[in-house]
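Novice: Below are the chains, spelled out letter by letter.
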Amino acid sequence: MLSRVADSLYWLARYTERADNLARLVEVNLQLLLDFKDLDNDKLKEHWDPVIRSTGDEERFYELYDEANSQTVTDFLTFNSENPNSVIGCISAARENARMIRDQISSELWETLNNLYLFLKSNDAKHIWEHSGAYEFYDHIKDHSLRFQGLVAATLPRDECYDFMQFGRFIERADKTTRMLDIKYHILLPSPNDVGGAVDTAQWVALLRAASAYDAYHAQYLASIDPANIAEFLIFSDTFPRSIRYCVTQINARLHNISGCPWGSYSNEPEKLCGKLMSDLIYSNVQDVISFGMHEWLDQCQQRLNEISQATYQTYMFQKPIDLAEEIQQQQQQQQ
Amino acid sequence: MDLSSYQTDGFFDEMFSAPGVVRPHYQKVLERLDRMNLQDFEQKQQAVDLLFLRAGVTFTVYSDNQGTERIFPFDLMPRIIPQSEWEFLERGLKQRIIALNMFLHDIYHDQKILKDGVIPPSYVLSAKHFRREFVGSDVPKDIYIHICGSDLIRDKDGRYLVLEDNGRCPSGVSYVLENRQAMRRAFPNLFPTAGVRPVENYAEKLLKMLRNIAPKGQDNPTVCVLTPGVYNSAYFEHCFLARQMGVEIVEGRDLLVRDFKVYMRTTKGLQQVDVLYRRIDDDFIDPSVFRPDSMLGVPGLVNAVRAGNVALANSIGTGVADDKVMYYFVPKMIKYYLGEDPILDQVETYLASEDKDRQHILANLDKLVVKSANEAGGYGMLMGPWAEKEEIERFRVEIERNPRNFIAQSPISLSRHPTWIPETEAFEGRHIDFRPYILYSGPDDISIIPGGLTRVALKRGSLVVNSSQGGGSKDTWVLYGNE
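The listed protein sequences derive, respectively, from chains B and C.
Each residue of the first sequence is one higher than the last, beginning at 318 in the working numbering.
Each residue of the second sequence is one higher than the last, beginning at 222 in the working numbering.
It cannot be assumed that every hint is accurate.
[What the hints assert, rightly or not] Residues from chain B that face chain C, not an exhaustive set, calculated with beta carbons under 10 Å:
no.	residue
1	SER320
2	VAL322
3	ALA323
4	ARG416
5	MET417
6	ILE418
7	ARG419
8	GLU428
9	LEU435
10	HIS444
11	HIS448
12	SER449
13	TYR452
14	ASP456
15	PRO638
16	ILE645
Hint data in this document are derived by calculation from the structure and do not stem from the laboratory.
Just so it is clear, CB atoms sit at the ideal spot from N, CA and C, and this is done for glycine as well.
Could you build the full structure based on these sequences and the hints that come with them?
Specialist: Listed below in structure tokens is the structure:
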């Protein structure tokens, strides 16, 4: 496979996953506000600021808006084309990558993505947003995104193309799960006294919903909403497809598929880094995370994921740019 | 849908020999339309437009920096060619492509046609796309033009005329295949009874043709489509063909030449490439030989071609056959190389560099169509009868300054075809042209896809069919029989 194609597949998958996560995140937080009474500007800021922080784009946000409230944050994360990490920005970027490699993916896959892009650019999108509300709107995004994932599963051969896409998807997903957990950490900070209260519970439930983990969590832990259990579930579950451990296991599998190197050994830098992270996730538990410091642990995890994707880029996708002038000179000499 | 009030206005009409008198090979379509009401028809038209948009069957317009994508407007009323007519066209096109390939081989080798005085040498040697550095070089199997898209029109008597030969990177074949797909969806019941010949195996034939020119000893050659990139107006087509053939689509930056061999840069290292279906013009293909400022090409590609390690389709230097001055000589080439009379006629042409012709051109600028020798896409053209005085004078100066660069032709009254016009909710006559696609693997192995791209000038009275200037397209049916 061309290195350029591998790069596009990786970003195609990352951006679609990111758009899906953004839709979930904004929608859940909008709903969460419905549970609270008497929200003044400070409370709203307290609520939305961590959401912006979790995306890592707070600097750009405050350049564009004066304050964080429901309207500005949803606009920033959904429609603002000056934010490349808005839903519309992600879908445009995903489509652009797909367009470059249309010959590599199924036409169904391309059409689903193109449809979502056309929808977001159309008046239909605004109409749904204004008349049916955010819930309907984000549902639409999630539907398309699920269809996209289903088509990846149903129409792509299990070859390198699939591996690079899944690699991108799970890197993004693991990263987003760390960020969602981190939001809760930020919300928790201002008033530690509230721990265990109704507001606290609502927030933990929202977190589970944002990760589409509500039902899966309850199936394992029954009715109890326990912060430690939730963290344990979202970080260490070996069966839930959005837990960090599950994602890293998938990343590891994709890397070994691509290289053909057996599990338990490594043949390149990304495999080495990923294997280490995976073993940390297998041989630790939530108590280790808490004593390390949840925020610090999550931060470090994000960084390690980043290193894995950087190393993968260097191994497979990066090609030293050709120095055209040098190349021309060399070829002209050969001609003589 | 009622076509009883349809007017032919004195033009040659593809469907009606006179108002109310349908040609036999259009009878079945007319019957089908009779059974359909306006609402159904418009619904089908909208569904097809949406289909193209959703599938991203678009071309890029360079009007703004975003590269807006548009669909190529598609008209549901098909253009139909009966068997006997098609066989005639096939014979004529085959004769032409054989002669053109012989001509190219000749001028890049012995130049007999020039020595024998059939074509004045200065015309060839001064042609913009003549690559003198390739004189004496061989190309695989002596084939220069592998893929040709010749533009045909019909005049007021229904006579087919060749308008030009596109022997460099003819585009549009993807629309032929997509249009058929769309028609099948819109009229699923019509096809089994209409006796339409399929076009779907084009990609298979294209791949076979490309593999045919692979360097010796390559049983399983690596074939790639070379594209200028995602911002090229025909990028959709490049992807489409690569996907249909199951081969890689590459950009210049994906390729590298080492030791006179071409490699693509993959996740598993360098992999050698044997055949390139290139959709980049000569000028941009190798900055170490042609334009050094081109970022699209591959430095050293020409070295690899010369060394015989990679084959190009089409070969380098075919552009000389696209020169409109060469077009004038094609009937002479047919006679010279094949000893035959041309089967297909072409438009009567005057060369501005011939004294007598030039005097005629300059005296009749307001009656002629003047074309620059090497422009495409409807640019660099003077439509005398419709032109402003200033424009005519501008061309007069240009022609006198550089006669080699101009030809002139009498305006042809292009044939018309009933075309759906949403604004008037009626079928109206619109001018059309036709581009069939020819794949050439040698004089005994030529395949022409039964169909082609029919382009239609959607604006009333307009003769310009280019997609960039408001043209649309139609599905083209070649029938098994004559009715």
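Novice: Output the numbers, in ascending order, of every earlier hint that fails for this structure.
Specialist: 10, 11, 12, 13 and 14
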